[in-house]
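All chains should be built: construct the whole structure from the sequences, respecting the hints.
Letter by letter, the chains look like this.
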Amino acid sequence: MANPRNLSSLQAKVWNGSIPLEIRLASSDCRNYDESDPYLVMCPRLSYIPLLLPRLHAFFSPFLIDPDVAPSKGWLSFEDVPLKWHYPVGLLFDLYSGIDPATAPDPNEPNPEPQPSLSPRDLEAESAVLPWRLTIRYTEWPSKQLIKLDDNGKVMHDAFINSVKEADFLRNGTAKVVMSLSKDDSTQLWTSVQKMNLEGFNAINQKLLNPRGSNLRHIPIKLYLPHAAPDSEEGAPAPGTVRVVQAIVKPLISNRQAQTLGTALKSILPTLFQSTRRPMLAQPVLHGAAVPLSANVHDLLRAAAYADGWLHVVGEIDLVHYIDYL
Amino acid sequence: MKTLVSFPSITVSEFEEACQAINTRFDLCGHLQNDWSRVDLVKQDVVHLRITRILHQTTKRAHSNIDEAEDEVHEEDEEALQSRSPSESGIRIEYQVFLSPIYRVPVLYLNLEDRRGVVPPTIESLYEQVIPEHFKAQVRDLGVIGGITMADHPITNRPVFFVHPCNTADALRASLEETKITADQYILLWIGIVGGCVGLQVPTAIAIARTNGTHGKSNAS
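Same order as they appear, the protein sequences are chains A and B.
Take 1 as the starting number for the first sequence in UniProt numbering and just add one per residue.
Take 1 as the starting number for the second sequence in UniProt numbering and just add one per residue.
Rather than coming from a laboratory, the hints here were simulated on the basis of the structure.
Where is the CB? At the ideal position from N, CA and C, for every residue including glycine.
Hints are not guaranteed to be accurate.
[What the hints assert, rightly or not] No farther apart than 30 Å at their CA atoms in a straight line, the calculated lysine-lysine pairs in the DSSO-like style are these:
| # | chain 1 | residue 1 | chain 2 | residue 2 |
| --- | --- | --- | --- | --- |
| 1 | A | LYS154 | B | LYS136 |
| 2 | B | LYS136 | A | LYS176 |
| 3 | A | LYS13 | A | LYS183 |
[What the hints assert, rightly or not] Short derived list, chain A residues pointing at chain B, Cβ under 7 Å:
| # | residue |
| --- | --- |
| 4 | LEU7 |
| 5 | GLU166 |
| 6 | LEU170 |
| 7 | GLN246 |
Quick look at the structure:
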């Protein structure tokens, strides 16, 4: 188990992570012939799209063809892919932005050359993607892809709490811990996510992570595979369809051996993660970083879980190796 | 037939056995009823069970031509029920039973499709057309948690209706003194508990179907 101080400093970094967004109003919703100004914002990676909607509506309402439309009717897309609002923004970015994840120097390489944190090539690639350019629309809600929101934020809140409950159930084998939170505690959990207040969040999250008389049973982890949609009966999958894979992952694989990300991923999807030590066909990406397969999943859970208690890991397929493999 | 190892949870292989059992019951006795129009055991990515019903809106439209057309479809003609002929009216409901990888109990997803395009697939339509009157208050009171919500489908990742499972295990436990139960009995019990609120129940003909193994005859195998 890693030093708790390191874990909390990593958690603070994860909570501070944010993505510059440039959001434009779709021209079909805009009353001006010229496009409206874009809305620019640094959005926390752990936040959710619906939390931005009131500000977006306030900004765009002078340009809207229908200025009376409710803020909750807004939906964002990236390159025509509607963005699922119940995924944290950082997960959406890792899934769709196409930017290479940050990587640590290879620990097996002795005395690595001191390198600038970003090479000129990386910087160039990054500026092509950043700010992340999204489009907002207030009409033609894509109901085949997105669940509708309500005006008072209940749908978003319930989706978050539901996800918290699922994570809790996996950790403890019952949902009793989250159910036993007081009303105030449960409100504080969601408000601290809305305000990105880590201290307020941890006050409640610690109760969830360390329930009395209960050991950690399973790790809440989901693997997201972009561009890996199965053939559906309705023909070709919509652009941006993601396959989400889950499996039961225990914190230990034997009495003395901790589960690593590598062993966990191999058990979730052995065809893609054939080796538990080296990423061969795909690499796991969490909060924009390529995570070493040797990482202890229990440590990851404590330091790098999303606010809903889940490790939402993107399996970024290495196309060059994947095609060779095929 | 073996009894479940960790009731009220169900394992992957027990769940597959349970789905197979419903499929077998329908193959044997499906023709004796007209509530379920088809049952499919789907093995795409993960095994799940799909049960299709056609709702006939006889109550809402009194004696129209549509009613007469529907009466014809009511005949035990499976081809007619399954075909996409334009004469067919009514709403098609597709119930999909998956094993929850989180709660390790079956979970119910459902789709609503009106081939005439009159009834949109919204939660309001679900309340109007599918949820039985005496369940409406209960489903609403429980709100989104514990009631019916929308969630992404486990395979297509598209929004569908979802009956939230968080009370399922407790309800299963409370409904049985005996915890020795076969996969087949389990799934019948589960549909009885979870399906009712969205109009899914096991038709009598299918419930009493004498399938191999449900009456202790499996010892021979």
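Looking back at the numbered hints, which does the structure fail to meet, lowest number first? Number 4 only.
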